[in-house]
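Colleague: Given only the sequences and the hints, what does the whole structure look like? Please build it.
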Amino acid sequence: MPPPTSFQNPSTCFQNLTSLEVVRCDSLINMGTSSVAKSLVQLTEMRISYCEKITEVIVNNGDVEEDEIIFRKLKSLMLKDLPSLTSFCSWNFT
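Quick note on this note's numbering: the sequence shown kicks off at 136 and runs consecutively.
Simulated from the structure, these hints should not be mistaken for lab results.
Since we're looking at a predicted model, the values are computed, not measured.
Some hints here could point you the wrong way.
As the list claims (entries may be wrong) - Straight-line distance between alpha carbons at most 25 angstroms, and here's what the computed DSS-like set of lysine-lysine pairs gives:
hint, residue 1, residue 2
1, K188, K215
2, K208, K173
3, K173, K210
4, K215, K173
5, K173, K188
Modeller: Encoded structure:
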């Protein structure tokens, strides 16, 4: 089975996640959709580093009605050595 390119299925287990660290996941293109991001309500720390192919942290594919994602408890964000990163989250505003 090929390695995953993103986290696709939001789950209730993400609701209690406080720290997320992703290191050297070279096949990862994004961290997931906006619905996955909205499930990270307890997240206080996010670190993403040395992932060659990641182009975007959160992908908006229309899976969430609201156009705002807020990480209310986030205290630390580290994005390091992500050569393909073009945006944290792209939105199509009208």
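Colleague: Run every hint past the structure and note whether it holds.
Modeller: Each hint tested on the structure:
Our distance criterion of 25 angstroms between C-alpha atoms is met by K188 and K215, whose separation comes to about 13 angstroms. Annotation: proposed proximity of K208 to K173 holds, straight-line Cα distance about 12 angstroms (limit 25 angstroms). Proposed proximity of K173 and K210 is supported: the alpha carbons are some 16 angstroms apart, at most 25 angstroms. Only pairs whose Cα atoms come within 25 angstroms are accepted, and K215 paired with K173 is accepted, the gap being roughly 23 angstroms.
Restraint check for K173 and K188: the C-alpha separation of about 23 angstroms stays at or below 25 angstroms, so the hint holds.
In summary, the structure agrees with every hint in the numbered list given earlier.
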